[in-house]
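Can you build the whole structure from these sequences, using the hints too?
Chains as they are written, first to last, in my numbering: chain A, 1 to 141; chain B, 1 to 99.
The set of hints was computed from the structure by calculation and includes no laboratory data.
Incorrect hints may appear among the rest.
[To be verified] Simulated restraints, written as ranges between beta carbons of each label pair: (1) S31/B with A65/A: 51 to 59 Å; (2) T47/B with L137/A: 14 to 22 Å; (3) S128/A with M97/B: 40 to 48 Å; (4) D2/A with K86/B: 19 to 27 Å.
[To be verified] Calculated cross-link-like contacts (lysine-lysine; reagent style DSS-like; alpha-carbon spacing at most 25 Å): (5) K135/A with K86/B; (6) K86/B with K8/A; (7) K8/A with K72/B; (8) K8/A with K39/B; (9) K135/A with K95/A.
No experiment lies behind these values; they were computed from the predicted model shown.
Using N, Cα and C, we set each Cβ at its ideal position, and we do this for glycine too.
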Amino acid sequence: MDLTTSLKICGSGLAAQRAKLDIVTSNLANVNTTRTPEGGPYRKKTIALAAETVADNFDSTIKEAVRSVKIDEVKEDANSIKMVYDPSHPDADAKGYVAMPNINIMAEMADMITASRAYEACVTAFDSTKNMTLKTLEMGR
Amino acid sequence: MNNMAISNSQIVSVASPREGQKKTGSASGFSDVLFNAVKEVNNLHRTADKAIQNVQAGNTGGLHEAIIALEKADVSFRTMLTVRNKLIEAYQEIMRMQV
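Written as structure tokens, this is what we have:
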């Protein structure tokens, strides 16, 4: 596997983790949002990452095996609403209940830490690949 | 990197003392190989330059791509340096041979 393929996979990993972090940030920021352009409260979004094959023409053994990451889809969880009793809220319905997004802050923070650590792991992998390549250049010195 | 790998072996085979007679004959071929290698490194540097300009223009989403392009250019440049050092070493080895 040559350097280009390895770096491409690293790059896709970094982009995917950054996208995941963006989604988590969006969820955290909108934890109390009751009005959205689509109507109704903000719905929790989740991201699905898919693996796709890389066109690697260097090593045919690994060619079929390695995968880069692709952002497959961002799904909205339509059922993530909880009804909170708050008659003084401007969006309260006839019975005094407000539809709030059912976002668990602790779960989102855990997702954020996971994405952040995965990003750092990708950067470490990139560093290791580069160090290996530079060490190769030192052979026979 | 693939191109560099191919040109590296070609250069070494041309410069080895055993094929000294072929040297003048394939001198133009060797300079072509060298020229292509340098052009490839230059292209990588230009790609990195463009990627950095893209980030500076405000698209900070492409930051990791700019860094990756920079590192690719850096590695290819170091490869070229190493090849140059080996070439000079081989040349000096030949010049040291007693007539």
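Hint check:
1. Between S31/B and A65/A, the C-beta spacing of about 40 Å breaks the proposed range 51 to 59 Å.
2. Checked against the hint of 14 to 22 Å, the pair T47/B and L137/A passes, with Cβ atoms roughly 21 Å apart.
3. Our hint of 40 to 48 Å for S128/A and M97/B holds, since their Cβ atoms are close to 42 Å apart.
4. About 20 Å separates the C-beta atoms of D2/A and K86/B, a value consistent with the hinted range of 19 to 27 Å.
5. Taken as a hint, the K135/A and K86/B pair is honoured in the structure, with Cα atoms around 16 Å apart against an allowance of 25 Å.
6. At most 25 Å may separate the alpha-carbon atoms for a hinted pair to count; K86/B and K8/A exceed this at roughly 30 Å.
7. A hinted pair counts as satisfied when its Cα atoms are at most 25 Å apart, and K8/A with K72/B qualifies at roughly 11 Å.
8. For the hint linking K8/A to K39/B, the alpha-carbon distance of about 22 Å falls within 25 Å, and the restraint holds.
9. For the suggested pair K135/A and K95/A, the alpha carbons sit about 70 Å apart, so the restraint of at most 25 Å is broken.
When held up to the earlier numbered hints, the structure conflicts with 1, 6, 9 and fits the remainder.
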